[in-house]
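If you read the protein sequences in the order shown, they are chains A and B. For the first sequence, the positions run 1 to 638 when the UniProt record's numbering is used. For the second sequence, the positions run 1 to 425 when the UniProt record's numbering is used.
Honestly, the hints are just simulated from the structure, not real lab data. Any given hint might turn out to be false.
Example chain A residues on the side facing chain B (calculated, C-beta under 8 Å, incomplete) [said to hold, decoys possible]: (1) L230; (2) P486; (3) L510; (4) G525; (5) E536; (6) G543; (7) I544; (8) T605.
Quick caveat: nothing in here was measured; it's all calculated off a predicted structure. The C-beta atom is built at its ideal place from N, Cα and C for all residues, glycine as well.
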Amino acid sequence: MAPKATPNGNAAQPPAEATPSNIPAVVGINLGNAYASIAVFTKEGLAECIANENGERQIACAIAFHGEEIYVGNQAMPQLVKNSQNTITGFRNLLGKKFSEIDQSKPASSAPIIQHPTEADTPAYKVDILQPAPKPLPTSNTNTPAASHAATPRSEPIPSTRILTPHEATTMFLSSLLRSALDFLGKPILGAVITVPPFFTQTQKDALKKAAEAAGVRVLQLLDEASAVLTTTTSPQWPGGGEDRTQLVVDVGASSLSLSVIALRSGLGYILGSKTTTNAANIGGDALSSLLVKHFAKEFTKKTKTALPQPPSSKEDIRATTKLLLALEYTKRTLSASPAPASLSVESLHSGLDFTATIARMRFDLLASPIYTAISSEIKSLLESIKIDPHDIDEIAYVGGTACLPGLDNHLLTSVGFSEDVQSAFSSATMGSGAVGDPTGVLSVGCALQASLLLSTSEESPDLVPAFEQAEEVKTTARTIGILFPTSEGNNSDGLGGTYISVLHKHTPLPARRVVEVEVVLSGGEGDKATKFAFEVWEIEEGIKVEKVAPKSSLPPSSDDEDDEDDEPEEVKTKTITKRNFLGALFGETKGTAVKDKTKKGTHTAAVQIEFTLGLNGVLLVEARNSKGEKVGELRVD
Amino acid sequence: MAIPALPASYSPPASTSKLTPFLTQPAGTLIAAGPAFLAHLQLTRHHAGDFSKHLAATAAARAAAQPANGNGEDDDLGVGEESEDEGLLSLDPKEWKKQDHYRVLGLSHLRFTANAAQIKVAHRKKVLRHHPDKKASDTTHTTASALGINVNTNDDAFFKCIQKAHEVLTNPERRRQFDSVDPVFLEEIDDVPTAADFKTASDKDAGEKKGAKGKSEGKKALPFLPTFAPIFAREARFSKTQPVPGLAVPTDGPPTKDPNDIEGHEFAALKAHVESFYDFWYNFDSWRSFEWLDKEVNEGSDSRDDKRYTEKKNKSERARRKKEDIARVRGIVDLCLSVDPRIKHIKQHEKEAREAKKTAPGKKGAAPAVSAAQAAKSKKEEEEEKKRKEEEEKTAKAEAKKAKAAAANAAKKARRAERAAEDGA
């Protein structure tokens with residue numbers, strides 16, 4: 001089960017009672033093409049993205065072979081500078097692919113992909129390694145070789161080559177992740193959930209599953225990224241996790257962008273629309289890095305009068321570019337974390353010259369604006385294609401290291417036109433390493449949560465487990481259903497004629513049950529005699545009213561600068577509600593309590609629980625209960 | 001904010017419409033992830049979309065899971081919560097010798113039975129609530145005062161008491177010393193029944209004294225077993241040898257309802273138990289000691305003589321108290337023995353057996369131990385036989401007398417006839 005190697009000599013597992021038994025021994029793995037992360041349940045019972053033994057939460061998907069040594073993760077990255085031929089990166093996307101399918105047009109900065117020498121049409125990597133020297137022959141007391149005057153020749157490691165398929169590389173990498181999780185948990189891992197990108201085919205999924213199983217872990221599910229986000233964002237750990245909302249998932253990977261609009265209805269979610277862009281030149285972390293490299297290369301040339309052409313041509317230039325790229329990772333992280341200018345320094349970047357530079361957020365955002373614009377235009381086109389106004393998006397869930405940049409959030413908010421109170425990790429201040437809203441950990445945390453859920457389900461009701469692999473067909477409500485407490489005609493500003501509360505949102509899957517609690521002022525008499533309340537049940541239509549408001553400018557409009565932006569009328573969007581279908585009215589009677597406020601003497605109020613139950617048969621049952629749980633009114637809508 | 005009242009003139013719209021037809025587009029398929037999806041599956045697959053069934057099932061499942069993980073939180077080993085009154089919270093840590101350490105740690109329901117783990121849990125609980133750091137930060141005492149926690153006084157007096165109690169109870173030696181003079185135990189041993197309680201209440205005297213003493217009229221007979229069983233149970237804690245035999249005769253079934261603890265036991269078992277019980281308690285080996293009550297050696301004086309004098313005094317005081325304690329236990333055992341109805345029963349039984357042996361020495365003398373029932377039965381038989389024999393003898397005697405008389409008469413007649421014949425001849 002567990003990997004056989006136990007590093008650092010702490011092989012002895014702690015006794016079973018040391019860790020509380022109710023903490024599931026599962027691991028959630030977000031396996032990206034560039035970076036991976038792992039999440040497990042901590043002693044507090046919360047799923048958390050954990051750091052590996054090198055203290056990295058974001059673990060680079062790289063394996064480097066250097067002599068007898070094998071480096072996995074972030075330690076392998078520096079090997080790209082001098083030992084790029086023996087360093088493997090980007091192996092995930094090659095899983096399950098045939099050699100002929102792989103696009104080799106881009107120059108590789110790591111070990112090249114070759115045709116497997118023995119297996120037909122299989123991609124492989126060829127790395128030079130040193131095999132450990134054979135051990136000296138075992139000697140025994142009875143059969144000791146005769147003493148010789150000549151010194152025993154030192155046994156040298158033997159240079160050889162090793163052929164690795166992407167499958168083997170993935171297995172190797174996953175087992176190192178699992179070892180980190182095992183060290184953290186201190187008990188054998190019972191199962192794992194691994195993310196898959198939306199563009200993975202079934203063959204690729206099968207290949208990933210096979211690779212993970214070869215690494216020695218039971219794969220409970222391969223969860224696509226949107227589902228992993230859903231699991232995290234509907235968990236109690238997430239601020240406002242249980243609320244009904246429409247969520248936009250912005251997953252900015254190294255080379256891909258996947259967007260999904262998800263309707264979340266009391267934890268149940270389904271995709272209203274999604275879009276994935278891969279290998280585009282102007283999207284993702286890699287594109288951002290190359291823009292920055294260009295900028296810094298220019299700056300280097302300016303400072304030192306040494307040319308560093310982009311794209312690099314000579315071997316030395318490639319090496320310098322790689323050095324710059326590695327250093328940029330830290331610059332990007334610093335920019336995400338703090339508003340102060342970030343520094344970048346590389347020793348002996350090119351021709352023995354050191355390079356140090358700083359970059360402020362403003363400058364960075366300016367440089368990155370082509371990437372930001374590309375992302376925002378993708379979002380706009382997705383929202384247009386599914387006919388959802390940006391104002392209807394209640395929450396943006398950012399995923400991926402590039403999405404940590406505050407500049408991206410700012411740009412999206414202004415250019416796409418989300419409403420001002422849209423929720424995101426930036427607005428709820430849950431950014432930062434280790435926090436629940438951290439875009440780099442969202443996927444792995446979701447996987448860990450899903451893994452524990454599947455593990456407990458497989459014990460309690462195994463019949464439900466296959467349903468997690470199938471598509472669950474549901475019907476959803478077409479319109480939002482809400483309740484309206486009618487008031488006297490005079491004070492209705494919004495034209496509804498009362499106080500309106502939404503109960504069942506549009507696109508709520510059947511069956512559904514919602515409970516709202518309201519405090520109503522009772523009517524029908526003075527003092528104790530007031531026992532009556534009533535409300536109407538309506539189907540409503542939500543719309544967005546766009547008003548053009550001319551900005552108040554202090555200066556008189558001048559005729560000569562026509563294209564002044566300030567003079568254009570600003571669009572102000574407001575949500576509107578219009579009544580559509582009257583479904584019925586509910587009259588109820590209950591005893592209230594007197595209001596203590598002296599100005600409202602004689603009024604009685606009661607807390608009323610209104611329960612909406614929408615059955616599979618499409619019958620809506622509205623029940624009102626008082627604070628004691630007694631039914632005080634009922635309405636049935638067929 | 002309350003929703004304003006319904007206007008008096010309100011009437012609902014006349015026409016109602018049906019729900020808009022449900023959508024199967026867009027999407028139509030749920031994302032197969034998250035606990036809500038599992039709940040949806042359970043609802044649709046197991047409960048056919050019935051919310052009430054589903055809610056009941058989840059509530060039942062939660063209730064079933066509850067005891068498994070101990071009230072949903074960490075198992076507190078049955079330490080529980082104990083109310084802290086004003087008197088407890090205002091304890092003076094300088095007077096720590098006088099405080100009830102179990103009460104301070106909230107263990108009054110366990111006392112000497114509390115094990116090390118429970119003491120640890122209780123101490124942790126108290127420290128979490130009363131640590132000075134907590135009080136300093138907790139300036140809002142709205143909830144705390146509602147819970148009865150003393151946060152107004154910013155001093156750490158009670159915390160010191162807690163630390164002292166923990167120090168004493170975690171050291172086995174000191175805990176024994178404290179247990180020896182446990183204030184609750186001392187209170188309990190004050191009301192030991194005297195011999196008079198049993199005499200005035202015993203059935204024989206009740207009749208006699210009914211008229212004479214009005215006081216004893218209301219008094220009911222003190223039942224033997226319910227009175228003495230708890231006394232011995234609480235004394236048993238001091239025994240060096242454990243377990244200690246209980247007062248009641250052990251049974252396989254439910255405990256006997258007979259306050260005298262005689263019915264429902266085999267005579268031999270009863271006798272064996274009672275004998276071993278008194279044997280144990282007359283040789284009671286107690287670890288109870290009285291170091292706790294030692295007078296402190298005056299700290300101020302360096303005088304060695306002073307110290308020695310106090311130590312000597314303490315030693316003799318300890319010895320005296322120990323002696324008193326032994327005498328006290330002996331007194332209880334004596335009293336118990338003197339009023340033990342089982343002893344009376346055994347004595348009587350043995351007496352009867354002896355008597356039976358005396359009357360019929362040859363018959364069953366060889367058998368050393370006969371069961372009570374058999375003995376009683378054989379005795380009855382013997383008695384009946386004796387009676388029968390006596391009667392037989394009586395009748396035989398009477399018959400013999402008659403025969404004698406008849407013979408005498410016959411002899412007289414014969415002599416008379418002889419004489420008459422002689423006279424006639």
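Against the structure, the hints:
1. L230: Interface hint status for L230 of chain A: holds (5 Å vs cutoff 8 Å).
2. P486: holds (5 Å)
3. L510: Result: holds, 7 Å to nearest chain B Cβ.
4. G525: G525 of chain A check fails; min Cβ-Cβ to chain B is 10 Å, beyond 8 Å.
5. E536: Nearest chain B Cβ about 6 Å off; hint holds.
6. G543: Violated - the Cβ of G543 of chain A stays beyond 8 Å from chain B, reaching only about 16 Å at its closest.
7. I544: violated (19 Å)
8. T605: holds (5 Å)
When held up to the earlier numbered hints, the structure conflicts with 4, 6 and 7 and fits the remainder.
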